[in-house]
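Protein chains: 2
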Amino acid sequence: MTTDQRHLHLNAFLMAPGHHDAAWRHPASQPHRVTDITYFQQLAQTAERGKFDSIFFADGLALWGGRTGGNVSGGLEPLTVLPAIAVATTHIGLIATASTTFNEPFHLARRFSSLDHVSGGRAGWNIVTSGTVNEANNFNLDEHIDHAVRYQRAAEFLDVATRLWDSWADDAVVLDKEAGVYADPERLREIEHAGSFFKVRGPLNVQRSPQGWPLLVQAGSSEDGKEFAARYAEAVFTAQQTLAEAQRFAKDVKARAAAYGREGLPVILPGICPIIGATEAEARALEDELTELQVIDYGLGQLSNMLNLDLAGYGLDERLPEDVLPSEDQVNGNKSRFTLVAELVRGEQLTIRQIIARLGGGRGHRVVTGTPEQIADALESWFHAGAADGFNIMPPILPTGLTDFVDHVVPELQRRGLFRTEYTGTTLRDHYGLSRPADHFSERVLASA
Amino acid sequence: MTTDQRHLHLNAFLMAPGHHDAAWRHPASQPHRVTDITYFQQLAQTAERGKFDSIFFADGLALWGGRTGGNVSGGLEPLTVLPAIAVATTHIGLIATASTTFNEPFHLARRFSSLDHVSGGRAGWNIVTSGTVNEANNFNLDEHIDHAVRYQRAAEFLDVATRLWDSWADDAVVLDKEAGVYADPERLREIEHAGSFFKVRGPLNVQRSPQGWPLLVQAGSSEDGKEFAARYAEAVFTAQQTLAEAQRFAKDVKARAAAYGREGLPVILPGICPIIGATEAEARALEDELTELQVIDYGLGQLSNMLNLDLAGYGLDERLPEDVLPSEDQVNGNKSRFTLVAELVRGEQLTIRQIIARLGGGRGHRVVTGTPEQIADALESWFHAGAADGFNIMPPILPTGLTDFVDHVVPELQRRGLFRTEYTGTTLRDHYGLSRPADHFSERVLASA
Numbered sequence: 304m305t306t307d308q309r310h311l312h313l314n315a316f317l318m319a320p321g322h323h324d325a326a327w328r329h330p331a332s333q334p335h336r337v338t339d340i341t342y343f344q345q346l347a348q349t350a351e352r353g354k355f356d357s358i359f360f361a362d363g364l365a366l367w368g369g370r371t372g373g374n375v376s377g378g379l380e381p382l383t384v385l386p387a388i389a390v391a392t393t394h395i396g397l398i399a400t401a402s403t404t405f406n407e408p409f410h411l412a413r414r415f416s417s418l419d420h421v422s423g424g425r426a427g428w429n430i431v432t433s434g435t436v437n438e439a440n441n442f443n444l445d446e447h448i449d450h451a452v453r454y455q456r457a458a459e460f461l462d463v464a465t466r467l468w469d470s471w472a473d474d475a476v477v478l479d480k481e482a483g484v485y486a487d488p489e490r491l492r493e494i495e496h497a498g499s500f501f502k503v504r505g506p507l508n509v510q511r512s513p514q515g516w517p518l519l520v521q522a523g524s525s526e527d528g529k530e531f532a533a534r535y536a537e538a539v540f541t542a543q544q545t546l547a548e549a550q551r552f553a554k555d556v557k558a559r560a561a562a563y564g565r566e567g568l569p570v571i572l573p574g575i576c577p578i579i580g581a582t583e584a585e586a587r588a589l590e591d592e593l594t595e596l597q598v599i600d601y602g603l604g605q606l607s608n609m610l611n612l613d614l615a616g617y618g619l620d621e622r623l624p625e626d627v628l629p630s631e632d633q634v635n636g637n638k639s640r641f642t643l644v645a646e647l648v649r650g651e652q653l654t655i656r657q658i659i660a661r662l663g664g665g666r667g668h669r670v671v672t673g674t675p676e677q678i679a680d681a682l683e684s685w686f687h688a689g690a691a692d693g694f695n696i697m698p699p700i701l702p703t704g705l706t707d708f709v710d711h712v713v714p715e716l717q718r719r720g721l722f723r724t725e726y727t728g729t730t731l732r733d734h735y736g737l738s739r740p741a742d743h744f745s746e747r748v749l750a751s752a
Numbered sequence: 304m305t306t307d308q309r310h311l312h313l314n315a316f317l318m319a320p321g322h323h324d325a326a327w328r329h330p331a332s333q334p335h336r337v338t339d340i341t342y343f344q345q346l347a348q349t350a351e352r353g354k355f356d357s358i359f360f361a362d363g364l365a366l367w368g369g370r371t372g373g374n375v376s377g378g379l380e381p382l383t384v385l386p387a388i389a390v391a392t393t394h395i396g397l398i399a400t401a402s403t404t405f406n407e408p409f410h411l412a413r414r415f416s417s418l419d420h421v422s423g424g425r426a427g428w429n430i431v432t433s434g435t436v437n438e439a440n441n442f443n444l445d446e447h448i449d450h451a452v453r454y455q456r457a458a459e460f461l462d463v464a465t466r467l468w469d470s471w472a473d474d475a476v477v478l479d480k481e482a483g484v485y486a487d488p489e490r491l492r493e494i495e496h497a498g499s500f501f502k503v504r505g506p507l508n509v510q511r512s513p514q515g516w517p518l519l520v521q522a523g524s525s526e527d528g529k530e531f532a533a534r535y536a537e538a539v540f541t542a543q544q545t546l547a548e549a550q551r552f553a554k555d556v557k558a559r560a561a562a563y564g565r566e567g568l569p570v571i572l573p574g575i576c577p578i579i580g581a582t583e584a585e586a587r588a589l590e591d592e593l594t595e596l597q598v599i600d601y602g603l604g605q606l607s608n609m610l611n612l613d614l615a616g617y618g619l620d621e622r623l624p625e626d627v628l629p630s631e632d633q634v635n636g637n638k639s640r641f642t643l644v645a646e647l648v649r650g651e652q653l654t655i656r657q658i659i660a661r662l663g664g665g666r667g668h669r670v671v672t673g674t675p676e677q678i679a680d681a682l683e684s685w686f687h688a689g690a691a692d693g694f695n696i697m698p699p700i701l702p703t704g705l706t707d708f709v710d711h712v713v714p715e716l717q718r719r720g721l722f723r724t725e726y727t728g729t730t731l732r733d734h735y736g737l738s739r740p741a742d743h744f745s746e747r748v749l750a751s752a
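The listed protein sequences correspond, in order, to chains C and D. Using the working numbering, read the first sequence as starting at 304 and increasing by one per residue. Using the working numbering, read the second sequence as starting at 304 and increasing by one per residue.
Do not rely on the hints blindly, as some may be mistaken.
All copies of an identical chain are treated as equivalent in the list; a pair is satisfied when it fits inside any one copy or across any two copies.
In silico SDA-like cross-links for lysine to any residue, where the CA-CA straight-line distance does not exceed 25 Å [to be verified]:
id, residue 1, residue 2
1, K480, I599
2, K554, S525
3, K554, S684
4, K502, L444
5, K502, V452
6, K354, P330
7, K502, D742
8, K354, S738
9, K354, D710
10, K354, R309
11, K480, H335
12, K480, L606
13, K480, R656
14, K554, Q308
15, K480, L596
16, K480, R370
17, K502, D449
18, K480, D626
19, K480, S607
No lab work stands behind these hints, which were simulated from the structure alone.
Please model the entire structure based on the sequences and the hints provided.
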């Protein structure tokens, strides 16, 4: 083992009170703190102690799970939480989901640029197109926008946002008190965008930020999603159940990115829900304890949503007939998650109750149950086999699942030379080994001349 | 003087690097820190040391002043700054401007509710309808939306936002781990709003916040603006040059509010730019020093915007002919500011250069130059004459203008029994003596049954 070997990357996916859908009922979780900012600051500080590349908050624009009451629902808006975490940490990257379907590019470009300033270059944006009709219903629509149209809008949204981030040259601020010149008007520009979805004049009203652009992350694995990732994403979150599928996915996305001249990109980060015990038996016992605590009605509602199918009429201890499942074409929400769950239904002959138990830990993401060494083995094997550049760590219970990972799995990865022992850079892009986008100011000025 | 006498309220309007348009050129200002979060945290801490009710950030959705370069332009988005200030302070209220014209109610209701949670009940929203075509040009429009339509939209926006804040009953979160019930589905509700501008189903995806609603602030003084304030505002920022006008304004708005059954509301806070010196001569010298530092081209551009008139063809040392001014009816931007400046042009026989000097300190707000005692006199006289319930303090230079106010004017106000010496409550509503809105859950449920 050489000292200059490649390191894997770790992102802490913070979903309060933990990723297991029964986490909130477990004695170790803290569901009373899901609107308490100190809870999130402390989680981020734990992840930073573990030298994680970043933390990440998912997001949706409707009440997750509806008014069923069987799980924690509601919580703080991610871009309100992250500035408060930024000032309580020094190195860790800060990634938030935001939707291109129900936002305007000027607003989001501005918010992520501001967060990048506030954090000294640690902002990341997980770009989503919003998968549910419940979200459309909060934004003036009766029906959801078609999947393909959402991705067309997302592409134009990114074009506008990146040009807004480049609308101030890096050296636009002159700050010459004597001459009375704050900024050089020639080093700022309107973008004059006029497209199918947006008309935006610019420039942005924020000076160019430390990273230039926030880190661009994406998580869709449908055809549209992979194509979008290939063009824009610098890191990808993905749900993969088997090594072979994960390898195929990584190879596919990297080949598509290479076709756009983006060699080596994006950083592939499969999700993993690590259920950790001092012994394997202890870990299994924790997993069983969580399964016991599941609220079946809640799980049934979630499964119905993922399969785009009302399951109320089916027996919990019966297998679901394969022929009632729609095809991916018929799904206008999260297509890739549908397909992954549909494969579970088709492939493993599970009853509905067993599927709910299987999905409880990671909602379709891979669950690994075992000792710190076994978890490290699972990460190492995927990393060395080209299935992952790192992992999106989804602790089943917070804060304990993250603390256990930081205290026991991270040191094991470090012992194996697989993970950093200190931060070597200061920005989120530094941590992931990604370059800072140039402002392209000279070229674009010349091109328009 | 009795000990239970009424106190005045103080809001610190933080505009980096200070409100005077030449502040950034003055040696005491720190324009290199306008994207540095510690700068704003320290300003807020200074205001909190002075027991201010609140701090406030204005906002616009386009580059203020365009690409002229003659003043600081660009900066951090207010709702990104405030969470970082919330966790660095304990009592002071946190008010941000946000536009009802270029936002969706679900987004803003959620962000202000989240900020209210993060700050423990200290969030306030200054509701604006956005006055410039430059902003419209960043949101898919060639022309600006008509003033009256903007206010119609604002009214419906408030209806939706307040109902979203009431979509969780105060006691909706049950958190019964044993029974597996996080929230009582009967204590959450869809709002099913369908109006002229918005269709929003709800509920909000944030638990009801400490204040229920953020403090609602408004600053328009046109007819539409005053009517809106009467119906919705709990506090009003206003620009008033003379005692008589300020008295008339306060009486007018309070009478309109009373007609809506809102007796005693809103809290009236005229803006004041205090130029403070140990002696009056020292204060005058500072004012002159700032006038000397003005970038005339920048001031001319600002004046042209406020008057809705291109001034390039007029001599700087000549008076502007009155008959070239448009009427307020013809202005589709900030109507009340236009009228205030037009009165300066008509009434005082000033040259263009003199008007630029006069507007440099407060952009139409009242400038008071003198010793701490003289500043306190000015505040006290308006307060006792019914022209103000408090003041929107606009330091000409930051941080020194705020520090001087806190160290010298606040103690003088306290000696006179006009201002608190300690916070007596914990929320922004507590500081302004305003009640917490009930969730109206029982009534509305009954009404819809």
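Structure-based check of all given hints:
For a Cα distance limit of 25 Å, the shortest separation of K480 from I599 across copies, 14 Å, qualifies, whereas the shortest one inside one copy, 66 Å, does not. Taking the closest pair of Cα atoms, K554 and S525 come within 25 Å of each other only inside a single copy of the chain (15 Å); across copies the shortest separation is 61 Å, beyond that limit. Taking the shortest Cα distances, K554 and S684 sit within 25 Å of each other inside one copy (16 Å), while across copies they are farther apart (75 Å). For the identical chains of this complex, K502 and L444 are neighbours both inside a copy (21 Å) and across copies (7 Å), given an alpha-carbon limit of 25 Å.
With identical chains, the CA atoms of K502 and V452 are at most 25 Å apart both within one copy (17 Å) and between copies (21 Å). Taking CA atoms no more than 25 Å apart as the test, K354 paired with P330 passes in neither setting, with 27 Å inside one copy and 41 Å between copies. In this assembly of identical chains, K502 and D742 lie within 25 Å of each other by CA distance solely inside one copy; the values are 21 Å within and 39 Å between copies. Proximity of K354 and S738 under a CA criterion of 25 Å is satisfied intra-copy only: 20 Å inside one chain copy versus 46 Å between copies.
Proximity of K354 to D710 under the C-alpha cut-off of 25 Å is restricted to the intra-copy arrangement: shortest distance 11 Å within a copy versus 43 Å between copies. In the homo-oligomer, the alpha carbons of K354 and R309 lie at most 25 Å apart inside one protomer (16 Å), although the nearest pairing across protomers, at 54 Å, exceeds that limit. Taking identical chains as interchangeable, the C-alpha atoms of K480 and H335 lie at most 25 Å apart only when they sit on different chains, with a minimum of 11 Å there against 51 Å within one chain. Within a single copy, K480 and L606 get their C-alpha atoms only as close as 62 Å, which misses the 25 Å cut-off; across copies the closest is 22 Å, which meets it.
Taking the shortest Cα distances, K480 and R656 sit within 25 Å of each other only across copies (21 Å), while inside one copy they are farther apart (70 Å). For the homomeric pair K554 and Q308, the shortest alpha-carbon distance inside one copy (21 Å) is at most 25 Å, but the shortest distance between copies (74 Å) is not. Proximity of K480 and L596 under a CA criterion of 25 Å is satisfied inter-copy only: 9 Å between copies versus 65 Å inside one chain copy. Only between protomers do K480 and R370 lie at most 25 Å apart by alpha-carbon distance; the minimum there is 17 Å, versus 57 Å within a single protomer.
In this homomeric assembly, K502 and D449 come within 25 Å of each other (Cα to Cα) both inside a single copy, at 21 Å, and across copies, at 19 Å. Taking CA atoms no more than 25 Å apart as the test, K480 paired with D626 passes in neither setting, with 73 Å inside one copy and 37 Å between copies. Taking the shortest alpha-carbon separations for K480 and S607, only the inter-copy value of 24 Å comes in at or below 25 Å, while the best intra-copy value is 63 Å.
Checked against the numbered hints above, the structure breaks hints 6, 18 and satisfies the rest.
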